[in-house]
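J.: If you want the building blocks of each chain, they are given just below.
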Amino acid sequence: MEIVQLLISGAALGCIYALIALGFVLIYKATETVNFAQGEMMMLGACVGYLLMLWFKLPFIWAALVSVAGMAGFGMLLERTVIRPILGQPQFTVVMLTIGLGYITRGLVTMLPGIGTDTHVLDVPYKGEVWNLGGLVLSAEQGSIIGLTLVLCLLLYLMFKHTKLGVAMQASSQNQLAAYYMGIPVKRLNGVVWGLSAGVATIAGLLLAPITFVHVNMGFIGLKAFPAAVVGGFGSLPGAVVGGLVIGIVEAFAGFYLPEGFKDIAAYVVVLAMLVVKPNGLFGEKLRKKV
Amino acid sequence: MIRQARLSTIAWIAVALSLPLIAQAQATQGVTKNEVLVGTIQDLSGPIAAFGKETLNGMNMRIDEANAAGGAGGRKIRLIVEDSSYDTKKAVLAAHKLVENDKIFITVANIGTSLALTTMPIFTEGGVIHAFPLASARGLYDPPNPLAFAFTVPYYQQGRVIMKALTDMRADRKWCSLMQDDDLGSELMKGLESKAAELNRKIIEKTSYKRGATDFSSQVARLKSAGCDTVVVGTTLRETIGTLNEAKKIGFAPDFIGTAASYSHLVPKLGGAVTEGFMSSHASSQPYADDPSKALRDWFAAYKARYGEDPGQYAVFGYASMDWVIKTLDKVGPNLTTQRFVETMETSTFPRDKLGFDTMSFTRTKRLGSEAVRISRIQNGRWVPITDYLQP
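For the protein sequence lines, the chains are A and B, in the order given. Letter 274 of the first sequence, counting from 1, is numbered 273 in numbering that gives the first Met the number 0, and no numbers are missing. Letter 51 of the second sequence, counting from 1, is numbered 50 in numbering that gives the first Met the number 0, and no numbers are missing.
Rather than coming from a laboratory, the hints here were simulated on the basis of the structure. Careful, some of the hints might be misleading.
Stated by the list, open to error - Incomplete in silico selection of chain B near chain A, CB under 8 Å: (1) Q28; (2) K32; (3) E34; (4) S44; (5) G45; (6) P46; (7) A48; (8) A49; (9) K209; (10) Q218; (11) L236; (12) R237; (13) G250; (14) D254.
Claimed, not checked - Here are the simulated DMTMM-like pairs of lysine to aspartate or glutamate, each with C-alpha atoms no more than 20 Å apart in a straight line: (15) B/K268 with A/D122; (16) B/K293 with B/E64; (17) B/K247 with A/D263; (18) B/K88 with B/D181; (19) B/K201 with A/E259; (20) B/K209 with A/D263; (21) B/K163 with B/D228; (22) B/K247 with A/D122; (23) B/K173 with A/E259; (24) B/K89 with B/E64.
For each residue, glycine too, the CB sits at the ideal point set by N, CA and C.
Taking the hints into account, I'd like the entire structure generated from these sequences.
T.: The following block contains the structure:
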């Protein structure tokens, strides 16, 4: 019984890692760049949702929808204005750029009246609700995280498999040049990918906010999504989800069964082990570029 | 010809450069005829930014009061603020900047236990007085450092009082802990264990978390499965609420008790109903608008009028620490040097005042104002004292 309870807690946290890792992998698959500001996108999304409820008195569900849509647009704008001009530069440049974006975002958010450096509570309608299933306890926050992650994964799967946009994105991520020759608007697709990634990050932020509160540093949890993406295989979307779940569950079990302190290093031990045993991750493919 | 000119140029430059050094060697750093430079390192953007901002508000309120009345000891006070983000590395950089670049006279109310312990030597070795850090550790006043003064009762003593007071309330307890993995946690644990050994008690389950962590499900699950009925939490703001939420969720209802680090009006404010019954040890008290003391009610109203929000514990700390410094500066008067300030402080006693501090006194060997600690519990969203001041 305890084990199942731990599995649920671990899975809930793991889904948050998974959602952020999804954002990483989406962008990496499309443009082979790593967005180190993904955690900040999540934080920004949660802040936007919070401010919509604070300033415009929108009910939670409307605030959530508007903030996801708004952040998706913001992601596209970011790609167009900041990322696209430097594509083609060395990898390191993009890495530094996204790290810088993270710092700027955190700094700007502290200047927003209403957020500042304080901790805020996001009033979700299901706050505090707890479901008892047999002897297991599932909080509404955890349930919504797991549930929405499953729904999102399903939607993404359907999009990639059956819509023109999804197939085009797959093509573009495999070989941008070939896709371009096939008439696929690669540049615009990159914008869409960034928008999608920002939207997913916002969903993660809104789901996480009832647990961690809304504050400027809530994006640091994004650093844990790296191990998740690495474990799953950096180029694989299902890998990102599985990787997130693995990290979340390993942390939960490490925190319960191992001596104090192991919980904090568990994720990184798993990453190291994965890099030694299977460097491409669980679902990663060994791709080689032929010149 | 050219060689001679070059040599004499070098000689002149050497003389010119050494003049300010000679002058400085005689003046006290951070003190001019009209001004005294005070520095502070706060967390204005990290996990305890809420506390840091409040502290700064309290300090500024007291400084402005003094400057409006002509200054302290005839000098206006200028405060230089640095932000550490509760990160030791940034605090070290800030300390060097304050000592070497800004050349302050005294640093007051630096926040963060690990940060203060690391940066104190930078100040004291640079000849800058390290006064009243918002940090609880014995290393800040023991062994006595000529330039260091402290007022916050360390977590070690708080741990001893927690163990004693709760054992007095009910002797048979299963003690457990959830500690932040830094000096806050380790000092608190040492205090708990030292008193536990005297009372023949044991802490049966220990858990910890990394500073800034947000998930406590496995730690709380472990405490529940160990059958704990008394959990001491070495946590600050968000972690306290996260732990209480997690415990409520899984139906785990022990006595939770924290320290001054979790004694803030923000805990019931942000946490809501789940924080009812939560206890904390603390030294000075949380001010409320309807406090029995008129002086405190007036102070509360003045703070609220100035900042548009209720003052909390940390506003009290900021105000009080500057108050003691200003009173000492007034006593020293116009002839201000580090030595004279220290000597005056060493012969000073600050009686119990409107802000609820116990009597503070300092000597050459006693650098901690007072060791008295009391315990309060959240009742109806308010902190209510449940013990008197106790000596560890």
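J.: The structure should be examined with respect to each hint, and the outcome stated for every one.
T.: Hints, verified against the model:
| no. | hint | in the structure |
| --- | --- | --- |
| 1 | Q28 | 31 Å, violated |
| 2 | K32 | 37 Å, violated |
| 3 | E34 | 29 Å, violated |
| 4 | S44 | 5 Å, holds |
| 5 | G45 | 7 Å, holds |
| 6 | P46 | 7 Å, holds |
| 7 | A48 | 4 Å, holds |
| 8 | A49 | 5 Å, holds |
| 9 | K209 | 4 Å, holds |
| 10 | Q218 | 6 Å, holds |
| 11 | L236 | 7 Å, holds |
| 12 | R237 | 6 Å, holds |
| 13 | G250 | 7 Å, holds |
| 14 | D254 | 21 Å, violated |
| 15 | B/K268 with A/D122 | 14 Å, holds |
| 16 | B/K293 with B/E64 | 19 Å, holds |
| 17 | B/K247 with A/D263 | 23 Å, violated |
| 18 | B/K88 with B/D181 | 15 Å, holds |
| 19 | B/K201 with A/E259 | 17 Å, holds |
| 20 | B/K209 with A/D263 | 7 Å, holds |
| 21 | B/K163 with B/D228 | 16 Å, holds |
| 22 | B/K247 with A/D122 | 18 Å, holds |
| 23 | B/K173 with A/E259 | 19 Å, holds |
| 24 | B/K89 with B/E64 | 30 Å, violated |
In this structure, the hints that do not hold are numbers 1, 2, 3, 14, 17 and 24, in rising order.
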